[in-house]
Amino acid sequence: MKEVNEIWQMKIFDLLEGNLSEKEKQKVLLQIEKDEALKQEYVMMKKTYLEPESFVFSDKNSLYKKQGGGFAFILNNRFAAAASIAILFGSLSIFYFLNRNAKDTNDSLSNTQNVESKLNAKSPLISSQKQQKVDLNNIRIGHHLNVANSSDKIKNKIEIQDAIPAPITPKMASFYDNSDSTKTNSVANISTPDEPIAYDTAIAIDAYAPRIDYRKKRSLAYKLLNSGRQMIANLQMPKVNFKSEKRNDHLLPRVKMQISTPKTEIIATLID
Amino acid sequence: MTADQFNTCVNSHSDALFRFAMKNLKDYDEAMEIVQSSFEKLWLKRNDVDYERVKSYLFATAYNAMVDYWRRNKRMVEMGDEVQNRPAENNKEYTGLKKILENALSKLPEIQRTVILLRDYEGYSYDEIGEITNLNESQVKVYIFRARQTLKTMLGNLEALL
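Note that the protein sequences, when read in sequence, are chains A and B. Quick note on numbering: the working numbering labels position 101 of the first sequence as 101, and the sequence is numbered without any gaps. Quick note on numbering: the working numbering labels position 44 of the second sequence as 1044, and the sequence is numbered without any gaps.
Be a bit skeptical, because a hint or two may be false.
[Stated by the list, open to error] Just some of the chain B residues that point at chain A, by a computed CB distance under 10 angstroms:
1) A1003
2) N1011
3) M1066
4) V1067
5) L1097
6) I1100
7) F1145
8) A1147
9) L1155
Hint data in this document are derived by calculation from the structure and do not stem from the laboratory. No residue lacks a Cβ here, since even glycine has one placed at the ideal position from N, Cα and C.
This is chain A alone, in the form it adopts within the complex (with noise of 0.2 angstroms):
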């Protein structure tokens, strides 16, 4: 077949795009049809045009703006990993000092309550049973410090630790419904609706953490591992489990961080 030169290339090319005038484009055309090679070359440059295709882009809950001004969802990455790492000590804060009260008014409980109540933190099932007592769906903070005797204080400030409430914004909690399935079950461990920091916690720092420089959030990673397994160490919880991953498609450290306490499992997750 006989080769179409660059000029005539281009003039299909101008052609197909719409650069030439009515009288130009009449010219071309005619001569189009008048050359068998023209015309092939006309056909196949015109099936490089794309067909149009539809995306849904399904988080646009995430990024809708209240209206006056209200709060805005989208942080600031960087000012999101730093409030997210913020959240998780404040958490395991809470953890430290609720779990440090529980442990001294233990102190003075006779060694059966004590090992009951250590069995029964550690079985899930025990420990439903005990949100017949107090509904978990409805626990704010300050509704069990007036409870009846000193064993179930110590039971139901278990519980409060659990439950203690944390906001999940929008693009927090939508994040994990595009994620990948290991996020997903990351998560489902967790989300349970009695175990509202988990869930914020590791979500947030997980949805946040893309963009900050790797470098600095690997540091970042290992000094919040770091702390957590002192403060964990000093908690003595029941189990606790550190573990790195790589994330495959970026190639960057993915660290993650897990805490299981009787009856809540944080997993915060450090990615790229």
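Assemble the complex: chain A is given as a structure, and chain B must be docked to it using the hints.
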């Protein structure tokens, strides 16, 4: 820009912006992130950005974010790491013009792919594409021409094989 106007922009442009990022990166998470961060920047700059030019601003912001992503990924590849989620995959079988074109598009240089996407999907003029990509009108036209020439050759070769 008011919150209402911003929300209108979300409704009008987020799908197109997501398509632009997805077609360029082939990475769902990254595309979502780029759309989020582009709107985030728009909101932060809402008092400076002309409402009439919001779409261009969003696409320019997304494009810059993608350039960063490509640089970051290239650095990683140079460091010897393995990229598992990169856009172009050579081992897939493509059938039908749309699939062939999709495959060919993913193999174009990033700038050529970007100008083609902006031209064909968004209907931007050369001038507008130039504003988004920091190129002049002539450069845009040349990139589009080269991209179409490359696509045409790839289509010809692939069609001949099928």
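Outcome of the hint check:
1. With a cut of 10 angstroms, the hint placing A1003(B) at the interface with chain A holds, because the nearest CB-to-CB distance is about 4 angstroms.
2. Hint on N1011(B) holds. Least Cβ distance to chain A is approximately 7 angstroms, under the 10 angstroms limit.
3. A least Cβ separation of about 14 angstroms between M1066(B) and chain A goes past the 10 angstroms threshold, and the interface hint is therefore violated.
4. Interface hint at V1067(B): violated, since its Cβ lies 15 angstroms from the closest Cβ of chain A, which is beyond the 10 angstroms cut-off.
5. Taken as an interface hint, L1097(B) checks out: its beta carbon lies about 6 angstroms from the nearest beta carbon of chain A, inside 10 angstroms.
6. Residue-level restraint check for I1100(B) holds (minimum Cβ-Cβ distance to chain A is 9 angstroms; threshold 10 angstroms).
7. The restraint placing F1145(B) at the interface with chain A holds, with a minimum CB-CB distance near 5 angstroms, inside the 10 angstroms limit.
8. For A1147(B), the suggested interface contact is upheld, since its CB lies about 8 angstroms from the closest CB of chain A, less than 10 angstroms.
9. For L1155(B), the interface hint holds, the least distance from its beta-carbon to any beta-carbon of chain A being 6 angstroms, beneath 10 angstroms.
This entry does not satisfy hints 3, 4, going by the numbered hints stated previously.
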